[in-house]
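**Student:** Protein chains in written order, with the numbering used here: chain S, 802 to 903; chain Y, 22 to 147; chain U, 1057 to 1949.
Mixed in with the good hints there might be a few duds.
[As the list claims (entries may be wrong)] Below are the SDA-like pairs computed for lysine to any residue, each with C-alpha atoms no more than 25 angstroms apart in a straight line: (1) Y:Lys117 x U:Leu1728; (2) Y:Lys80 x U:Ser1882; (3) U:Lys1724 x Y:Arg110.
None of these hints come from the bench; they were simulated from the model.
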Amino acid sequence: MTPEEQGEHRRPSLFLERQSYRRRRLMDAARLLPFLGAALLAVPLLWPDESDGTGAVPLSAAIFYIFACWAVLILINVVFGFAARRLAAREKGDAEADTWQR
Amino acid sequence: MSRKVLLIEDEPNITEAIRFLLTREGWQVETHAEGTDAVQVIKAAEPDLVILDVMLPGKSGMEILRDLREHQDMQRLPVLMLTARGQSRDREMAEKAGVSRFMTKPFSNAEVLTAVRDLHAQASRL
Amino acid sequence: MATLNVLILVCLGYVVLLFGVAFAADRLAAAGRGKWLRSPLIYTLSLSIYCTAWTFYGAVGNAARSGLEFVTIYLGPTLVMVGWWWGLRKLVRVGRSQRVTSIADLISSRYGKSNTLAICVTTLAVVGGTPYIALQLQSITLSFSIFAEADPTGLYREGSSVFWVAAGLAVFAILFGTRNLDVNERHHGVVTAIALESVVKLFALLAVGIFVVWGIAGGLAPMMERIDASEIGKWNVDASRWATFTFLSAAAFICLPRMFQVMVVENDDESHLRTAAWAFPLYLLLMSLFVVPIAVIGLDLMPKGSNPDLFVLTVPLSQGNDWLAMLSFIGGFSSATSMVIVTAMALSTMVSNHVVMPIWLSTHEGSASVSGDVRTIVLMARRVSIAVIMALGYFYYRVSGGGAALASIGLVAFAGISQILPALVGGLFWRGATRTGALVGLSIGFILWIYTLLLPGMGGGIIPISVIENGPFGWGWLRPQALFGIEGIDPMVHSVMWSLSLNTIGFCVASLLSFPSPLERLQGAQFVNVFDHSVAPQGWTGSVAQSEDLMIMTQRILGVVPAQEFFQAEAERQNGRTGRLPEPTPGFLQRLERELSGSVGAATAHAMIGQIVGGASVSVEDLLAVADESAQLLEYSSQLEAKSNELSRTALKLREANTKLTQVSKQKDAFLSQVSHELRTPMTSIRAFSEILRDTDGLSAEEQTRYAAIIHDEALRLTRLLDDLLDLSVLESGQVSLNTGDGSLSAVLDRAISGALAGGDGKLSVRRVRASERIQLHTDLDRLGQVFINLISNAQKYCDAALPELTISTHDVGGQVVIDFVDNGSGIPAEAQALVFEKFARVGSDKAGGAGLGLAICREIMQRLGGDIAYLPGQGGAAFRVSLPVAYQQAAQ
């Protein structure tokens, strides 16, 4: 038996494993996302404010930072939403649907 | 003085045999076939000697003997015990209970007469 | 300048448009068309009732006062939506699979369908919602007043306008929210109208923002410069407030009754969340995008002291852009109306389902045959509830004077409604959460919120200044705004911190200490593991526990007798018995629903059964899930119980066996001495008399004969004993050969009686029932006769009655022929009955001199023959029952 043939044989199971592995990591990411968001939005609390007297962050910069974070979160969610839809479509009739959903 | 023996035995044939033997020896023989009231009967009869069977209806000879020995005036009364069971354990129990002489059935008539004579002689000597 | 009349006309026109949209959407939905009504877009837009007039007007005011702090109100929901995979998805799934009608319903359903809890949540929601509605009324009134100031006609009066606004909103909410009693509490019309309003308010705010940035400031870069140059131009946010408000808005976003209504109850498809997860944060971003610019320009342009809450209106007006101002007004109007309508709907559902209906049902309990139209009552309850809630909002507005800054009322309401959060989150993620825990947590949070935030904030002397400054009764540690002496915290942060943390602690501790009911545990398992075993809500299925609820409900609607008849018929159909309640099978529930709908209408019947069955599909998996915890425990303990029962049974048997063994062993012991005794006794007589005969001289012939006879008798006795012993040993060893023959029972008895009585004293009289004895036997007749002889001679020997009498009777007991021998003596004492069949067991005095082997032999014989002999207790005298072997008996001739 040649190595190529072995590869041929192994590929399907490898593919399935990889797929379910991807799903779980995507799930992890989805769970981490709100924490990422909270962390990003907590950053401004570290900024010096007017009471320090020395160079408080200008409001325009603050606006820029916060809205940028916001937009990033939205974008990630868009991507995740589409990924989730693709997986949801695939998981119909998939035996692993349950483990994925949990 | 007439000597009185009280025979407590539930087998009528054995009673008759002993009565025959002792009467001829000059004993006045009274009999009783129940265990239950034997102690009272003994007290009332005031015999010189008691021949007691072990397996009696109502109350065993052992118990009768034990009860008897609890009474002050009955402690020296000679008691000849007869048993058909004849196990060594019975002899020990009887001696503990304060028996004067222990005999196993079937006995020879001569043995019984000797025992009665000995016991009576001992009792009279004291 | 637009006059007030024009404004009112525009408002009315807008309302008519909304009516039209809602009506058309309802029609489309009813016709099953209009798929776009159930699109993710509509769902996302309906979520934006989160943005109320407070947001529309108040955010700008807030920005003008505190800079970027306003943005926290949007960041919280954004984080919740970003984490939808975790929380909202589960919430929505639970809500749909349990057919939940409101947040109060969800909480009550989770904690074992507790109505107390539902009432608590409802109260909290109404108390928290009232100021919020007042806030909307205030914003509409204020915006009216802006136009009124500029109106030359001067017809505007604030008081009456508030009233009319409130009344108008109530009518709108009643018309749309309670037009029908939908099975799933979904209102496509209202949702569509709200979606439209969302578009309008976003459009309006964006228009004002664009006008401000590009129309007034002259572009993005100059705008940024103006922002930095303004009085709020530096980052200046209190960290605790920033964190608290973000958290608070996130909590409120989930807990607000109106949010729950659109997010969970009105949700058509779980997958809509996927879109809303990014689309709604985007909406919020757009809504807040121009808030700071508008605030900065407002601060620049408007005279000192003008209300920053109204910059959205006043800035365009000041620039003479009436139509933009009008659009902005419509945007604010949209925000207020949509919020009020949905809130009123959600609250009225809660009030009617958890307060009015239970009261109505319990007050009508007495009159047995109530057959009233529950449907009308539910709808009426909702309409009245809406009116009452709006009236409460109106009066709150009138009492509070509308003076407080808009934003603070909103935050107060947020803090109040957030008290539900621990019970909600705990209920969704922690199976150990109990009803008691939820009640304790909610109560603590509710009381602390009222004491530390609502009452001090209301002003008007509800809490005297002295109490706020020195605490009640001078107890400094109970000061509402510095609990436990911790001072210097922002009052809002202070209240949220104490109320929510003590709420959570109370919830957890009480949950840990209390024990949930089975229903609670079942619901808990269903909620927490909702993804494991719920696909979609289907037909009615229920658990047995609900049968009683159903029965009670049906009694109240149909009347006691018809309801019981119906349930009994159903029970008979199910198990063929009438004694028990029927299982709530889907079929039964459908029939019950039909039965009820004949009296109260289909939708109500469905809703009412739904209230009880909860739409809960209590599947095998659910039960298994509970088994994880409770059933396993139960099983374990029942196993233990079974084991210990078994053990004690075994121990009892062992004890019995031991007792018997000891007795038997004693008897074995006794056997030897018995045999010895039985042999020695006759031998004693034989020896004594033979010696007398040998040794005694001069015995009379009479005496000689007598003593020889005694010797003879005793020798015979000895022989008999040896025969018996031999007989028994042969029988016991099983080596006996049976001599089988045919004959009638009565003949065997005849022979036995004559044989037994022949040697006796003739005192015993035997009574027989000859008719019953005509039975043909095929057995060892001699052996059977031996048994009979033994029994008869026993009676002869031992019966101690003055006139001894033996009754022999034959019966058929369960197809087996038994012959009873009963005498009229004193019988055998109970403790001896077990032993009578043992060898040498003689009872009492053995006057007759038997060896005590007779009954033992009888038993052996009967067992050899395949029958039995037993003592028959309780017959007065001694009684023995001989059971004939089944195989050997034949039919009577």
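**Student:** With reference to the structure, classify each hint as holding or not holding.
**Tutor:** Going through the hints against the structure:
A distance of roughly 23 angstroms separates the Cα atoms of Lys117 (chain Y) and Leu1728 (chain U); the hinted pair therefore holds under the 25 angstroms criterion. Distance restraint check for Lys80 (chain Y) and Ser1882 (chain U): the Cα-Cα separation of roughly 20 angstroms lies within the 25 angstroms cut-off, and the hinted pair is therefore satisfied. Distance check on the hinted pair: Lys1724 (chain U) and Arg110 (chain Y) sit about 16 angstroms apart at the alpha-carbon level, within 25 angstroms; holds.
Checked against the numbered hints above, the structure breaks none of them.
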